[in-house]
Every structure is written in C-alpha cells, then in structure tokens.
Amino acid sequence: MSLTDLMTMAKTDKELRKRIFTKLWRAHPDECFQCMRCTSGCTSLKLLELKPHEIVLLVNSGFIQELVSSDIIWTCASCLKCRERCPQNASPYNTILELRNLAVEREAKIPEAYMKAIAQILETGLTQPEQTATTRDMQPQNREKLGLPKLPYANDKFKTVFMKILGG
Amino acid sequence: MHEETFRNAVKEAGLNPYLLEMINIREQDSWVHNKQPEKATEKAEELVAMAVARATQLEPLDRSKVKANRSILVIGGGIAGIQTSLDLANSGFKVHLVEKSPSIGGRMAQLDKTFPTLDCSACILTPKMAEAGRHSNIDLITCAEVDEVKGFVGNYEARIRINPRYVDKDQCTGCGECEKVCPISMSNEFDVGLSQRKAIYRPFPQAVPNVFTINKRGIPPCRATCPAGVNVQGYVALAAQGKYEEAYELVKRFIPFPSVCGRVCFHPCESECERAKLDEPVAVNAIKRFIGDYGLRQEKRNPTPVPGKRADKIAIIGSGPAGLTAAYKLAKKGYSVTVFEALSKLGGMLQVGIPPYRLPKNILDQEIQMIKDMGVATRTGVTFGKDITVDKLLQQGYSALFIAVGVQKSRELAIEGEELEGVIPALKLLKQTNLGERVEIGEKVVIIGGGNVAIDAARTLIRSYSRNVTVLYRRSREEMPAYSSEVEEAEKEGVKLRFLVSPTRILGKEGRVSLLECVRMRLSEPDNSGRRRPVPIEGSEFMVEADTVIPAIGQSLDISLMPNKLKLSRYGTIQADPVTLQTNLPGIFAGGDAVKGEATVIDAIAQGKRAAVSIDRFLNDEDLFADREERKSRVEEIPKDGFEKKPRQQMPVLPLEKRTNDEEVELGFSEEMVQEEASRCLACGGCSECLECEKVCELENVIDHQQEETQITLEVGAIVVAIGSEVFNASLTPELGYGLTKNVVSNLEFERLSNASGPTEGKIVCPETEKPPKSIVFIQCVGSRDIRFCEYCCRIGCMVTLKQAILAKEKMGDNVEVYVCYNDMRAFGKSYEEFYNRARRLGIKFLKGLPSEINIQKDSTLRLDVFESNTNKLLEIQADLAVLASGLVASPDAAKLQNILHIPRSPDGFFLETHPKLRPVETPTRGIFLAGTCQSPKDIPDTSSQASAAAMKAAELLATGEIEIEPLVAAVDPNSCSGCKICQSICPYQAIEMETQIRTNGETPVAKVVNAVCQGCGACSVSCPTGAIDSQHYKRDQILAQIKAATGGK
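Protein chains in written order, with this note's numbering: chain A, 1 to 168; chain L, 1 to 1050.
One chain only, chain L, in its complex shape (with noise of 0.2 Å):
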C-alpha cells in the first residue's frame, strides 16, 4: 500500500519504479521493542544497512498486460451475489450466476421484516430477484454449483455441475398442476420444517426462474431390495392418497401379479424397510394385496392396451410366474407369445406348489387371465422334452425360446426303505391336491425338512386328511427356512415340530411304512449358507411311529427332459448368462428355478422380466448387456427426526375352527388399515416416480424422471463468492430444549412463522400447541459469543430479536408479555438506537442475564431461571413459546469452494479479507472478491454495500480488458534448468509449465513460469537444485547483500 505510494514518487523522478527498496522500522521494530528503545535504535540502524545494501543490487523491472475476458462469475444467488449482478450487468458486463437451490433469493425470501425500517423483505427482494432473472446481461443457472476452476485473473475457467432439475426449466410455466397430484409430502426447507411440501416442488411462489423441481434422494431402499424392482415407495404413496386405481396401474407396469404378490411375496422390501429403525417396518405386502385386489374387483377393466402386432413369435415354456411375466412383458411390446404348460392348468407352482388357503385360485386365475386378454396363446398339457422340443419349436418359426420349467423332481432323502408305500414326496402331495385328486394318506404322518414346502404340506394336511401331523427338521427353530409366521400358523393349527431330528431308516411291514428310525441332531460350524450345520450325536437313534412319511428337502431339474446341446451348471441347472439370461444356445433364453434352483416368486418374477428384456432385444439386433443395472444410487439412510411412533398393522386371519383348505387364512387390509399403513412410508427416495404428474402436465416431455446432471465451462475474467452462511444449529445446546419441543424455535423459524406467506399465515403460534403465546421469551447469544461454539459475536442476534419482539408485541399488543434475555444489547447501526427505544417503548421487558437452560413442562410450557443482575434477582420466566436467537456460521460450501478457488478462510470458518479496512472485499487471489456473510457474519444493509462494493471491485479490474501484472515473478535461466520438474510439483499456484528445449545433446524438458498465474512466493527458487530459478526483485544476490550488511560483512 505504501510501496506503491513510494513507487509512484520514484516513477514521476524519472526513475524505474521497482528500484525502492522500503523497510518497515514501525511495525519490526518500534512496536515490537517499545520497552526496549536502545536496542531498537540499533536495529533500526542495522536495517537501514541492509536496505542499503539491497537497493545497490535491485533491477529495473517492467509490468506486462495479459488481456482480460469481461464476464464475471457470482457463486450465490443470495442478497448479495444478486446485488453484485445486477451492479455488473447494469455497467455492461456478462454475469454467470450460479445457484445451488432451485431458485435464487437466499436467506432474505424467508424472512418476515426487515430492521430497522419493518418493511417487508419479499417486497424490497422479489423485485430484484426478477430483474436478475430477465436482465439480458445475466446468464442465471440454477440448481447448480462450482466444481473446479482454474486458470488466473482475466482468464479463470469455471467448470459448472448442473444437477438434474427433472423438470424443463425453460418450458415450465409453473402452473402447478404437478404439485396437486403428487403424493409424496417432504420437509418444506423455506419454512425450516415447519411445513410439508410435495416432491415435486417450487419453493416459493416467487421463485426465479418460477418452475417446479423434482427432489430425488435416490432409490429407496424397498425398491432397491426387491428383486423385480417394483416401485414400492410409489404404490404405497398412491394408496395413502387413496389413489388405488394409479396405484394398481403402477404395480402393473412392473409385475402382472400385484394380488398373488401381495399374498405369496416374501417381500423383503419390509426386511430392508427404514421404518423399522424407527418402529417397525410398514407392512408393504397387505398394501399391495389391497392394490391388486381393488384393481381386479374393477368391473370393466379393460385389458391392458398392446400395440401394433409384431410378427416375431415367441414359446414360453412353462407358466409359472417366470414363464408368466416374460409373456406379459412381451405382449405389451406386441409380440405373438405362446406359453406351452405341461399340467392341465397354468399359473405353474402359483397354481399347483401353494395351497389355496394362501394363494385362493380365483385370484391366481383372475390375474392369469389378465394375460391371456392381451392375447397370449396358451396350451396346457405339453410337455417340454417330450411333446415339444427345441428344434421342432424352431421349425414352427419361433424367433426365441424363454425356458422356465421350473425345478419338478422331488429330491430323495437317499435312506433305506425310502420305496415302501406311504413314503409320497411332498411336492406331489401338494400338486394333487390342488389339482382337486385325493391322495392315500394314512393316521400318523411325518414331514422332513424345514422349507416353505414342508409346512404348506403339513397344513394341507392337517386340514384336508390327518390331525396326526409331525414336522421333523434337522436344525433349529431359528434356522428353518419356512416364513415365521407360516411356521407359527401352523403350530396353532396342531401341526407338531420337532427340531434337531433326522431321519436314517424308514421301517416297514408288509411293504408300508410302520416305523422311522431318526437320530437326535447337534449343531456346529456355520456352513456355507451361514447356517449352523448339524452334525448327528452318535446313539441316539430312536423310533418315531409314523404310517405315512412325507419327505420335503427341496426339487431339483428333470435333466432328462432338457435336450444335450443344452449346456448345464455343476449344480444340475441350466446354465444361463446371470445378466441376459441366454444359455449357450442364441436365442434361447432360461431363467426362473430351472435356472436359480429354488427360489422365491418374486425372483422368478424378476427373472421373467429380465428375459423378457433380453428377447426384445435379441429380436431387435441390440446390444443384450448395454445398462441393465439402475444407476441412480440407492438411499442409504434417511433423518427420522419429525417422524413419530406408530404401530404396524396387523393382519387379521382366519378363526382356527373355520380354517379349511379353501378358506384363506389371512384375510386382508380393510381400505382404513390400508390408509393407516400406507401413510406410516417416510418415502425415502423422496420423488416415488409414480409418474403422476407426467400424466397431468399439459406440455410433453417437460417433466423428465430420467434427466441427469450435465456440465459446462465458463470463461470469466472475475469471481465473486457470494454463498451465504448458515444459521447455527441450536441442538448443539441441548440444555436450551432446541429440537426437543418445538415450543422452542431458532430466530429464522421464527420468520416463518410470523411471515403473512408462511405456514400460519402470519398467526404467531407455538408449533407444539398451534395455539398463540401467551408469553414469549427471547434468549439472546445463542452459539455465539461463547467459545464452545463461536467465539464472535452474530451481529445480527440483537436487531433480529429486537424486530421479532416489536413485531410480536404489534401483532398480539397486550395478549403477550415479550421477555427478552440478553448478555449486552449491540444496537450499533443506523437508526438501530432508535428501534431499541422502540422496542423498549412498546413494553417488551429486557432482562440482563442469560438462562442457564430452558425446561419443558407437561403441558409443554416453558419455564427458566434467569439471574438478572441489575435487580440482583433469581426470576423465573413462564413462556410458551422462547426464540433462540441462533448466530451465524460459515456455510459447510465454504471449505469447498476453499479447495476449489485456492482461498484463505479465517479460524472461524468464514472468508478471509486481504486487509480488513482497505481491502475489504478482495482476497489474495486477484480477481477474486467476497460479497455478503460469507466474509462475516453482516445484515442486510452491510451485505447489499458490501456486493455493490465487490462489483466496482471486479469492474475496475476488467474495465479496459487488460490487466497489468506485477513483475515480482520468479524467472527460469533455461541453461542451468535440469528439468527435474522439482519447482512444477512445489509451486502452489500451478504457474510453472514444462516446456521442451532443443540442445547440442538432444531434446530436454525445461521449466517456465506463467507469470500471470505466478504469485512470486519464491518457493521454486528455494528448492531449484541448480539454482536455475530465482525471484525477479528477489535473486539471490539481493538477498545475500542484505544478509551481508546484517552481519557486518562477515
């Protein structure tokens, strides 16, 4: 600052201006040894010497220009940065303002009045933030924020991640039709949480530019877990509006079986449920099943719409669920499928493995028919290998085969006397039975195994032949495989378990089952399913009676009716790619059990889609691999701050003595218990993609659920950081009851809820109660001032207060005692005494001393002790409602954009200065300059003087285009570079290239210094090992003359 005066004079005496050399004896040496006024007079002295010294040896040097791009960048679109654009493009510079939320406008939208005049903050703003938003010299971006930028004044390059909006913004006319049918209501971050808004959002009805966003959290978990990928979130959303019919259209566009889903599913989206770390998990599948049979009890249900036919036909063997849902996949493409079934009815072990009691027929054949109605061919009673092959399929012109024949064969228990009569496989059991045949069963029956099988064969028996019925499993209760709750339904029907029991022997006389030898089971080592794996105890065999043994360890593939092409796993499956599903034959595609072994309906579901994918296309010539998996990233855990307790609903069943083999045992949601539930969701993925509102929006392909983030670069010759601050989190003073009743709110909650736009309307009221304050107390430093938190002082925590007590005290008058607690009273502006007098005119009691915490009373009144010191008393204050008045503190952006702009921050977190009185908007960096409280903590008036300073600032910088650069830059000696690249990697600013020099022995790498980038801090030349590099102003022999005159000469 001085130099430069001192340069100046040496310039207009004719001579070159960096020949000055300055010593600063005032600030080295008078202030520092004030005590000690000799000795100081000798260093004085001493470096009047070296300065001496040093001018001898100083060079005359010359500025250079580097030209300059005339557009700036504004990071914030906040009071400030949308001052500082304004003042910019009104002089006639481009301006690129960039926003992280959906609209600009900042802190100061939310806010009721403004200090010290009252009038209304969205009135004095909004008519800026639209100015801002048509200026033709301000180019708004939104939703948007700074990753990377380099490059040096004049010429910075920005680059700008734009997150996706989901919404056009430019064809948006925000007529919020979208907002209406939404079904997901989120925390409404304008009113602090005070409020609700939908997914689909604008955040106030000003917002510039004034169009809707999507907010997207993720994949919710239910929907990332289940294998089929069904929306769960989004059908849940739709029924607790009562939207059954959308949501059943939902469910559909995923699976073709919403009713039998709803009741066979074992739905581990309520495994992976977030609900349940709160209470327990929301009971998706009776929501579902309510779904699916709303929709099937719809009269005139069209049949879902196909288009055009294609002339590619498609087998699909076998009609289990996989089989099902490939050719329902397919047919809404508008392919030809035939589904071929081997039994005499379709639907596979939907129809013939689950007994009635779960799965009724009439459902299963409802949804089934669904299908046919779209026009699928079926044909039952063909048997894949023996009736049907694949060639001949082939030959009858079928472009592609899908596979799913399931896993048929009943495994053996491989025990001596397994061939006497009354040993009948489970799964034939079932599969008669349900295809209305009687089986011989006789008194004492004994199942084996512990699987899903098992105890539907034991509850069908039990209703339907003998209440003699014995389940032996070979591990523990904990380790079964059948769903608990089937397993305890079963028990209260009379089905016995006996666990830790094998069998080794059947005995038989005259060649039926009289006896079964088991041995007694303990468990050891987990094996490779992580189950405990059980090992006999050596004699302990015993006899169980039994005259019927139904053995239930599982199924495996009829390999003998597959063809030999056919390439098979070392686990007897066919082997198909995981991802496509095609096995080693093109064309031919598997999946479901053949391909799994056993597994759930929902993963042969999900298998028959990814089939269906791939077949399409197979028969397009596309590529089957190409972005098979979801890319959004699944929601990992959601805040449940705000959510209360609710209990699950619970299904209601059957009476035991009514249970028969035809009567369903679990009864259903009623459309209240549905409501209940459905609204217990915390929609974790925020938006559910239901997709109602692409179905309202008037305008097409403006609502966009697939849109993804882009980038863009900017060049700019200037920045200015505008981000704002954020206010302190009060929950961190636990003792002030901050987040433990809402009767306690921090200052900015306080705006909303005193602001005419906000969710009272202006009615001040306790949050807890909703009804209005008898009394309010203010307590004032809240996080500030206190080095447990910020050291400083907010600066705006008293008038902030001060404004919201008058306020309150205008709106309610004598219907409210307003107390305020403060520590001192910092009133320093313009016309801020006066508003004080104000406030104290109009009764509000102001209280010196601070509360050592607030305590909340039953009926969630608020009392606190508060020392007053100039009364001397212990007062005890009755509130209802208190107000925090909660400082400021740095944005969590600022350590960001620290990193990104190469920035200094001050230890309490905000942006550092060049010089707190002279330099007040500019930093270090040249080009960059500071706008509003992300410097400091500051109100309105000092932030809007503060951008309009910052805007001259970069004005001045680009007005002529060009810009002058210093020469205390360092400088290469190219001859003695080595270029060992050493200075490249120490230079902090980047300014040093490598360039290639052609020399007597070749080609060589030689350093070279940007010099508009350099910032001549001299490291370079302290770690040149050849001592190629030195600083202009600052070369070796300058400084050496000085240490010389230092020493004496020594």
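This is chain A alone, in the form it adopts within the complex (with noise of 0.2 Å):
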C-alpha cells in the first residue's frame, strides 16, 4: 500500500518520513490543514518559486527523497514568517530546515554559497565578512571610523569546536 507519483513514477518513504518527523520534535507536519497562509507570505515564493504548503505535504505523504534533491529547499530565506503565522504547529521552516540535514548527511548538491559561508565562519567566526558601507553622502564608514570596537575573531579552540560540530 503505497502512493505513486504518476508524473515521475516515484513511491513514497515511510522511514524517511519517520526520521523526519523524529528529527523534528515540537513540529509537526501532519497537522497542516492547507490553508496556504504559508505559502500567501513566502518571502522566497515570489523569487525563487518555494511553496512551503507543498513542501510540508509532499514531507507529510512520504515524496521525501525529490525534496533533498532539489534545489528548492535551499531558497528558504529563513524568515520565519511561516513559522510564526502557521495556525496549526507544521512550522514548514523547520521542516525544510530537516530537509537540508538529510541533503547535506546525503552528500547532495549544496549550493556553492552555502559552502563560502562555511568557510567563511570557520575562518572567521563571522557570518559575513567586515565591510565598508558608504553612507548616502558617499562617506566610506567602517567601524573604526565610527569607534566601534573591533570585531573578536575566531581561536582555535572556536575552529576546534565548529569542525566538531559539523563532523557531527
């Protein structure tokens, strides 16, 4: 007893389902309703085409292993706009959020930005890189100039524990 897609032949997956739902503790994708409020806010539907109502249900009927594969779990902006505003506890964030985990434990394809960013937090501690703003006037600002403190950068013992975590 099982669901086909009959556009692309594929079956469903109750272990990944299971892991899934496992992984995500205070979520629960199975009380979606489809009320579409999700999908009405996405900051990444209008852009780059995510549907999280989809995502939920085609997570909640078993469709897993198309969703780690693709690219659209990876557009997420990471708003949190339906997480906030779900009327049930589906939380498609961080459903999609469990869907990147098993994308990168799968060793699928990573977008290449993510991949700089990891690299740069390792390197750094910081999640972007210090930057010069240019005020309207045209006046470059940094923090020195604006007598911020400097930045603390990452020890080893920071680089130490990031790879741990990473390595799982």
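Honestly, the hints are just simulated from the structure, not real lab data.
Note that the structure is predicted; figures quoted are calculated from it, not measured.
20 Å max Cα-Cα, derived SDA-like pairs, lysine to any residue:
(1) K216/L to E630/L
(2) K774/L to E876/L
(3) K409/L to K431/L
(4) K873/L to L45/A
(5) K848/L to L45/A
(6) K243/L to N285/L
(7) K46/A to D865/L
(8) K848/L to E31/A
(9) K39/L to I23/L
(10) K645/L to Q675/L
(11) K1035/L to I986/L
(12) K645/L to E672/L
(13) K873/L to S44/A
(14) K128/L to N90/L
(15) K150/L to I162/L
(16) K695/L to E179/L
(17) K845/L to L874/L
(18) K46/A to E876/L
(19) K46/A to T871/L
(20) K11/L to P967/L
(21) K100/L to N215/L
(22) K46/A to L874/L
(23) K243/L to V181/L
(24) K216/L to R634/L
(25) K39/L to A49/L
(26) K830/L to T117/L
(27) K46/A to E735/L
(28) K848/L to Q88/A
(29) K492/L to N468/L
(30) K113/L to K128/L
(31) K873/L to F33/A
(32) K645/L to E272/L
(33) K873/L to T43/A
(34) K94/L to N137/L
(35) K1035/L to G1018/L
(36) K361/L to G381/L
(37) K848/L to F33/A
(38) K632/L to G218/L
(39) K873/L to L48/A
The two chains are supplied separately, each in an independent frame; assemble them into the complex guided by the hints.
Next comes the structure, spelled out in structure tokens:
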C-alpha cells in the first residue's frame, strides 16, 4: 500500500518520513490543513518559487527523496514568517531545515554560497566578512571610523568546536 | 444513564434499586485492550468476580425528598437568557433575569441581518425584549452582577450586586433631554467604538428598560489632585461646548476665584493630566482663566443667591484666599460673616504679595466685590492680636472664628550686616509697591532665594526700580521652587540668575550696604524635601557688588500676635486638626498659611472650604469628622487608543518692550484657543458631574449622581447561565493590520456599518476614508482553528461572512468586488448550503487560501497576497476594506462565575456540559443549566433551541416543588466522630456542618452531612482519622470485598 506519483513514478518513503518527524521534535507537519498562509506570505516564493505548503504536504505524504535532491529547499530565506503565522504546529521552516540536514548527510549537492559561508565562519567566526559601508553622502564608513570596538575573530578553540559540530 | 435503566429493572423485580452493582466491560476493558483479546477476557472475568463480591455487601437505600423553590435565576440577558426567561415565565415560573449592562438584548441587538433568511435582527429580537421587560413573571434586574451563590439544588441563595445607574429606572421616561446637554462624548460600545455617545446614554433606542444610564469611571486625576477638589473635567467639557456661562457657574460652585486661580494657580491638575501620557497636558489653567474672565464680563450678573439669613455670626480673620473662600462658602449657606483685615485693602497675599503684572488688581477686586455682594461684611485696618482678640470677638456675639492670617514675618538671613540700610525683605518690597508706596532701592540689587517671592521681587524691581537685578540661589536651577515659566520670563526681562551661591556676610560703608560676601556651594545627598542639600565649598568665598540686598527666604507666622492659649505646632504655625481645622479652642478654626506654613493659593482656598464645612457643622452640632473625604476612587489609567496627538495651545505673552508693573504679561487664550484646548481633554472620569443633566430633567430626583451600589439576595430553585461570549480580539494577530488601520474591521464592526441604525445608517463605508469601498475582502478563521489562539472552529464565521458578503453585494451591486479568503467553507445547518450557493451566484469570489499578512498602503488601501491552491497561483488582492471573521472566545466573566457557581469549564474556556450528547444543557452541579454561547460558540438558531432546552430542564426539575435526592451520600457515625473538622475543611461542596452532641463527658462537636448538598465524592470518608464517616453505597466493607476479589482473596 503506497502512493505513486504517476508523473515521476516515485513512491513514498515511510522510513525517511519517520526520520524527519522524529528530528522535528516540536513541529508537526501532519497538523497542516493547507490553509496556504505560509505560501501566501513566503518571501522566497516570489523570487524562487518556494511553496512551503507544498513541501509540508510532500513530506507528510512521504515524497521526500525528490525534495532532498532538489534546489528548492535551499531557497528558503529563513524569514520565519511561515513558522510565526502557522495556525497549527506545522512550521514549514523547520521541515525545510530538516530536509537540508538530510541533504548534507546524503552528500546531495549543496549550493556553493552555503559552502562559502561555512568557510567564512570557520575562518573568521563571522557570518559575513567585515565590510566598508557607504553613507548617503558617499562617505565610506567602517567600524574604526565609527568608533566601534574591533570585532573578535575566531580562535583555534572555536575552530575545533565548529569542526566538531560540522562533523556531527 | 444505563445504571438508571437497570435500577428500574431491579425495582420492577421487587428489590431495592440500590442492590445493584454494575461493571463497564466495554469502556474499561474491550475498548482499551482491543489488541490483547486474551488478557482482556481475563480482566473481564476478574471484574465480574469483584462486582459479585461487592454485590453481596450492598445495602438497601432510599431516596429522600427536599422542597424546591419554584423560581429561577437567569444570568445574562442576551437572546439565550431572554428565550429561557420567556419560556419559563410562560410556564408559570417566577424568573429573575440578571443582566450586567444597562439593557437586555446582548449581541443580537447589535446585528444587522440574520442568516440564512436575512431577516432583520432587531425586528425579530425587540418584540421578545419588550415582552421580557413587561412580563409579570419576569423580574428584570439590569446593571447587575451575581457576586455569590450559596445553597443547593432547589434552594439556591444568590447575592446580586446592582451597580449604580445614577438614574432612577422606574421614573426615567427616556425622553433624552439629558443626553442633548451632556458635554462628555465617549466611545459607543454598542457601535463597537465606531461612533461616540454621551456619558449619559441609552445603549440603543429600543433598549429594555428604556431608560438612561450615566457612565462614571471615577474621579478624574485633575479633580482628584486639585487641593480644592474643583471639578476640572466638568468645566473643561462645558467650555469645549461653548457653554461658558455654565462652566463659570460650575467653577463658582467650588471656589470664588476662577479668574484669580486661572492666573496664579500652580495647577497641579496639569501635572497629573492623563493627556500628558499621550502628548502634553491640557492647559487647564488657561481655560479656567477664560471662563473666569467670561463670567466677570457678563454685566448684569446677579449676586450668588443666598438663602435666608441665619442668626449665627461668624468672624473671619484675614482676607487672603483662605479667609475669603470660607466667607464665600459660609455666606452661601446664609450665615452673617464679617471679614477682618489688617491692611487697607482686601485680598491678603493676592493683593499685596502677587504683583499686578501677574494678577491685575481689577480682576482681584471684582471677584472680591462679588463676595461682598453676597452680604459679607468687611473691616480693614484691623490687626488681630492688637485691635481685636479672640475673647473680644466671642464677647461681641460671634459664634465661630476662622483665623487665616497667613505668614507675614520675613525670615532673616542670620548673617553679619543684616541690620545695614539697604537690606529690605522681599515681602516688604512687594507689599509697599503693590499698595502704591515707593521703596528706596539702590542701583545694584541682589535678591537671595529661589522661590516665587524671589522671582516676583526680581521682576517687580526690574520693572519699577533698577535694571541691575541678580538672584542668588544656593542650589541649582532644577531645585528652584519658583515656577519655571516665571523664571524663564524673568530671565528674558533681564534678571540675572546665579546658582550654587550663598551669602555669608553683608559689608557696609557708612551704615549702608556696599558689598556682599558669598560662598560657592555644591550639592550633596537629598534632604527631607527630596532636593539635594547644598554644602559650602570651603575657601571659595568671593565678593558681589551690591547696594541693596533683598532676602526672599520665606516668611513665618508672627507669633507675637497670637493669643497665649492658642496651641502652636513645633514649626511655629497654629496647630489645627488636619481634617476639621479646629484649633485647641472649640469653635476657633484656623487655616491657610498660618497653619500649613507657606503654601499655594489653591491650598489656601482648599483650607477655606474645609473650614467652612467645619464651621457649618459646628454651629449645627454635627459630627465634624464624618464623611469628609471623597468616596469614589480616582481613575488611574485610561486607554488612549483612538485619540490623535494634538499639541497644546501656547499662552500668548506681552512683548518684552511693553512690559510694565501693571501690564499683565500673560494675555490669556482667545475663544478659538479655548475651544481647541478644551477639546483635547480625554474625559478620564467619563461623566464629569457638571450636573447639566439634572438641570434639564423634567422630573425631580430622577438623576442621582450620588447613587451607590446596592445588594439584593434572591432565593431560587435553579440557575440558568446565559452570559454569552466575546468576539476574538483581532489585534492579537497584528499581521492582519487590525487596530493599525480602521479599514480592517471585525465582523461585528461590519454589522454596525451595514446596520440601518448604525453610525453610517447602513451605508457601507471604509471607516478610515468614509468612502464606499470598491472592493471588500473577507478573511476567514481569524483567531479560530489556530492553536496560537483558539483551537476550535468558531462555528459562525463562515455563515457570518456569507451573510455580510451577500449584504455588501446586494447593497452595492456591481460597484463592489467581494472576495472571501477561506480555508474550509462550513455551511452545515438547515438552508445554509443554499445560502452559500446564493452567495456564489451573486458573483462573490471565493479564494481557497488565507493571506499571511495585510499590507496597509499609504492611501490607506490594503494589499494582500493569497496563494490560491485550486489554481496554484499567488494572487494579489487590492481592497479598500478588509473584514476579519473573528471567532468567539469565552467571556472574561466565565472564570468569575466558574468560582461562584462551582461549575467546570472545558480547556477552551467555555462552560462544560455534563454530557455532549445526552445532557447538553446541564452542568455537573444539579440545578444549574447552560444556554447559548457561554457553553460553546453557536449561531442564533442553535442558541434559542438550547435556551428553550435549558428552560425545559429547569421546569422539569422544579415542576412539582419537590426534588428527589440520591442516597449516594456520606454518613457520619456520631459515636466515632471526634469532632476534628477535617472532613469539613476538605469537602469541596460545603456539605458538612458541625453540630453539638451531649455525651457523658460533656458537649462535643460532631460532623453532620447535609444530604442535599453532598455529591458523594468520598473525600471526607478517606480523610476521616477515626473512620467515622463513610460513603453510602461505597462503604469500606463493600470496597474491601471488591479488592479481596481482585487480589484472589489475599
């Protein structure tokens, strides 16, 4: 007894579904009643065609493999609107996050930008490199000029801990 | 339920019906163990064995009967309460219908049309309301709440609190004249805040009872703060309406000096003004000044009417604000009052202390003249302690005295050189100048002090004597007691200020001041007055050039003039009781600065008023202390939603170059400014007690602003709870914009917008722009089916939206596009699906998908993105008006009633019925029934059905006047009872009473169970340390037999 997607002939994967549900802990994709609030407000939908309600429904039905190997799960901007406004505990954001974890675990393709970001964090401890900003009257500004304290940079201990987390 | 069936079978077989033991194999075994059939069978066998064991121990029991009161209390006067009451009343029962608000009708009265038939809500409701109002079997109690319920089924005793309506509901004819003159506008709750109503109001024209109610929130902060208790909100409200004459009369009811106070009062009312929390305080004082001056300008003013003269003569010593106020108040009561004044002119410090550029003399004189016109005699040039004495006055036949001589003696600097020529106390300078005498002043004047007298002296000097005036103050600017506006004006006029400087020595040349030695100060810890204490900096002495030094460091009472027998305080003031102002000598009262030390004009006026009340009571042999303080409580905080920011009007002032000693600096507000300013008042107290309503009411004593709450006790046999529910507060979902723009409304607000008797007379408009919307979007499930708020379906949202969408379409036709964003459309009742079809055929667009948020555009239109799942498209809706299908939530009163009635609620907050299918209108407490949305959200058809059902259930219970009581109650063996009262403390139903039993060793308290109250829960029996109390039908032996069987006889 299982569902088959007649367009792709894909079958549902109960094991994967169970794994995701176990990991999700407090979010429950099975509570989703497809009110579409998440997709109506999705920041990434307009730019990248992410439909959170569809992802939740697919995970709920067990069509998970196609999501894990897709690009679409990487387009979520993590604005958390879907989680905040979900009238149930479905929280599409958490489901997407679990799909990404699964993708990393399965060594599926991860967008280059994410790898860059990880390298950046590993190297500096910062999510973004320190930048020079330009004011409206074209004055370049940096932390030093603004009298802000210098940013702390990652030390070796941080790198060890971070690597350990990445390594699982 | 099944037990009852089997009991009857046992009875029919000729046995006692309580010789029955029943086990529930289905629910306790088959269902729960359906995956282990073998073990379940084993358990079933054991259960049967246990039941058989217990059955052998059962004892026959008999039901008892109690008398029942055949009247019913219905709580809540919405459609549910009305329907229940009418059904019961028509069946011959007496009904007490208690409603919290001023009228019955509830939510249904607010609705426009009702689904699915679209008949007018008011048209079908109001006949029922009227019937309930005049039914001889219905006792309608409005403005009332249930505070306490005691007793048991058939014999409940309910304590009802009737809140004051301030209008006699039996006499009010509902003519509405009062409403026309009321100056206070408040948010109209019947229109869900979409319109304003007056503080005296009738919720809607068809209200039952059809009478008015006054909405009071308490004493407004301004009035509560005013030492003289002047009704600030009242005169501000009247001024806002242009009723200056009425406002003038109102102020004069409290004080005789509107114009004086409007100029010199330090207006603590403004410091406490709630408006300050929104933007700036209302310029109360300037408004009062305008009202006062308006009053003075009315030429043919009749003197304040004075009742018939009374024989008692009263002497008032001192004609300052305290003395004159007392004289005014006492003259109003008809006493013969004589005011004695030491100076040549009346007014005390108002006359000689405050310079004319702040308080023009003609204003003061006019207000004093009005007091004289009331028949108050005055004698000037008479010094107390010299020309007249207490004893002499008493001998002359004065029955009471009020000493209000003020503080006239200037304090000394107590430094070297004070005796030199050129040292002139500030008060002397002011007094002489104000009486038209010239004082000899040099070129370089130094004033010492930071109070109002110092600044008054400085500004007087710079006007009339010298351009070189310096004020020295020992603390900093922040600590200055003088009004900051006065200080600023003084600086503008050229007065120099030096802070943290104190004089140490005055040096002279040929007996005249030549130099002033000063020392610099620093501020250390705060002292008793809360201000930081100045400390000299050693070695920082320096010289200031001066030929005139004006000390302005305060005044004190001239003790030398006081009679010896008059008791003084340790501060050197007259000692008077703070409540009555009576001194140690009976009949001799004292007030004003002479008692309080240097204080303000309004404090002195307040003391004058207080003394007048005391003297009147003294002369009538009444208690001086009773009821002196205001009983209503102060309004602490009022909501400021819906008020827009509006700046305070600025007082216009005389240009610097035109300022002289006699030209008033502050020019006063124009009428336009007063209108603008008075309209800023937030009307904190609700009703302002201006008493305009009393003036126009054609009947005597119908309006009673002093009405207080009353309590009544009702004896009833049953109670029906019908308190309804509340609409979900959509501002909890801020993403939908509710509360951020008026163009997002709740479905209840929409009812008022489309209602012909609503604020727009049924014309659907966007509240923000007041223009008809070109497109309306309805959003479903707001707050409902949402575990963040209410997990349940509101059961009315879909149908309400269908109805409102149809109404909009029918009213506006092709001029409006109507969209409904839904999740599931639930049209489940009779004719409901047909109604849904009708909506679709009208061209209403149904979109499956809810928006994440509503974005408010600059032109106050709305944009929302909706992912429509049937088309798989993200759609943008542009709408002028959004209507939120806000669900229903339990009433906040439900929690209160839960505790009063001891009835349970389900997790959603609504009252819990005993059984959802078989006992849907009963509560577990016998004799208490549920009707309407207090049990669960429901529509009107369901509500009235349930209301009739509840009526039927109550009628069934009380029909015979007797109630059978189950014998399954606790019973006490009095011989084993030790009287420890543990059972009494543990019983959740208060079913245990203690009675006295006479034993051989004397009297002992013994527990007794009130059978009608006991619910047989058994809590007492397990708590009893001696085993004296046992539950009938669940006795120890019976339970032990069961346990033995369960454990195989071990």
